[in-house]
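Protein chains in written order, with the working numbering: chain A, 1 to 325; chain B, 1 to 125.
Don't read these hints as lab results, they were simulated from the structure.
The model shown is predicted, which means the values in this text are computed figures rather than measured ones.
Honestly, I wouldn't trust all of these hints.
Examples of chain A residues toward chain B, derived with CB under 10 Å [claimed, not checked]:
no.	residue
1	178
2	205
3	222
4	224
5	281
Quick reminder that beta carbons are idealized off the backbone N, C-alpha and C, glycines included.
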Amino acid sequence: MGNKYGLIDPADPAFRDESEVALATLVSATAGSSKKIGAKMIVGRSGRIIGGVTIGGCVDAQVVEAADALFDKDDAERRLLSISLDDDEAWEIGLTCGGTLEVLLTRVDLGATDDSTVVAHREAMELLSAGESAAIVTPIDSGAGAYAVPTDEIGDTSPSERTFIDRIAPPLTLVIVGAGQIAMSLTRMARELDMRTVIVDGRDRYATRERFPEADDVLVGMPSEIVAAIDANRRTAVLLLAHDYKYELPVLRDILRKPVGYIGMLGSKKRGAAMRDLLHDEGFTDEELARVHTPIGLDLGGKAPAEVALSILSEIVAVYSGKRA
Amino acid sequence: MTGGTYRRVVIELFRHPKNRGPLHDAAASAEGANPLCGDRIRVELGGDRSRVTEARFTADACALCIASASLLTERIRGMSAEDALRVDTAWLFASLEGEPPAARRKCAILPLDTLRRAVVALPLA
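Produce the complete structure using the sequences and hints provided.
Below, the structure is given as structure tokens:
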């Protein structure tokens, strides 16, 4: 939605011919909501719908209706929707989640360079592009303008009213070492999950644009040096898919001491244990070595490259969602 | 090359290679790769054609390739370029205590080819 950070950029071709949009943001949920707090949907004045605040259709439909109503009122800039999930009929037959959602609806004038939402999103984008994390702070009750701050300055804000703080996380970057078939499937699926992919291999016949048209980067060279040069952080996942110790060992020597959020290695438990033993002998601690997920991926039972890719992405989603260490 | 010897010499040098790591301010360097198996190596040398004062390598490579690079860089330190270029596969295989299987010869020879190119790139004395 919008761009890789999920922010509104009026220059985005997705907003062509759109003079204004309503930005809907899920700001609270009292029950098992379908999406994370902060989920967004953009409703264009022309009828365009991008994203969604829930998985299902009924709540999003109410948000679209409310957005259309907002456009019809010249002076309305913002509205907080409280949406009950307790549909009587659905409740009767046991097919409702129950609870209440709050969705903040903000009208955004895409043509106005001083629109507070446009400005806040642009400033957040600038922070993220500079490698900083960002948050957009939106006062809910007063209707005062939203603004962007670096995430580490959130504590400096002392809101006197209900305020929604939307932390914008940069996309996950998957550094994939080994340009084989699993990697090919994985880059395609990762795109659907809004993850960046970087393919790394020492073999220029494998790591090609033709084989990896969906990858953000395809890098050929000494894999350990390429990976060492990547600015790795918690939002970086390193996937060792070459199934070859000549790449795995030197890459692990580097990344085990970096704050990456996920390390996975293709191979059996026995092979993983042997790799840990080798690195343990070189001075790596049990705690450091425990960070390597091997066998990589959740055990879904599949063996085909695409099935293995799915299991790897499932594990990564689980890890970054806090469902798996 | 017997299995037992292969394991002892090559594995020992793979786990404890000599001269592994970059050489800062190298006078000459060369890179080589085996395009299908993926071995990659860089050899960096110090000195000039009259004397190789330092030889180091960086590699993401198999045990045989690492062992070969370790032996070769150790061997040519102190040699003239002319003598270094005379180091051949016969010496290398003898040092590895046996000729590698045909399918693995390229792993052992890659460091030798790369080292020779680095030697040729050394400046004149």
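Hint-by-hint comparison with the structure:
At a threshold of 10 Å, the smallest CB-CB gap from residue 178 (chain A) to chain B is about 9 Å, leaving the interface hint in force. Here the hint on residue 205 (chain A) is kept, as its CB sits about 6 Å from the closest CB of chain B, short of 10 Å. A distance limit of 10 Å between C-beta atoms decides the matter here; for residue 222 (chain A) the minimum to chain B is near 5 Å, and the interface restraint holds. Checking residue 224 (chain A) against chain B by beta carbon gives a least distance of about 5 Å; that is within 10 Å, so the hint holds.
The criterion of a C-beta within 10 Å of any C-beta in chain B is met by residue 281 (chain A), whose closest approach is roughly 8 Å, and the hint holds.
In this structure, every one of the numbered hints holds.
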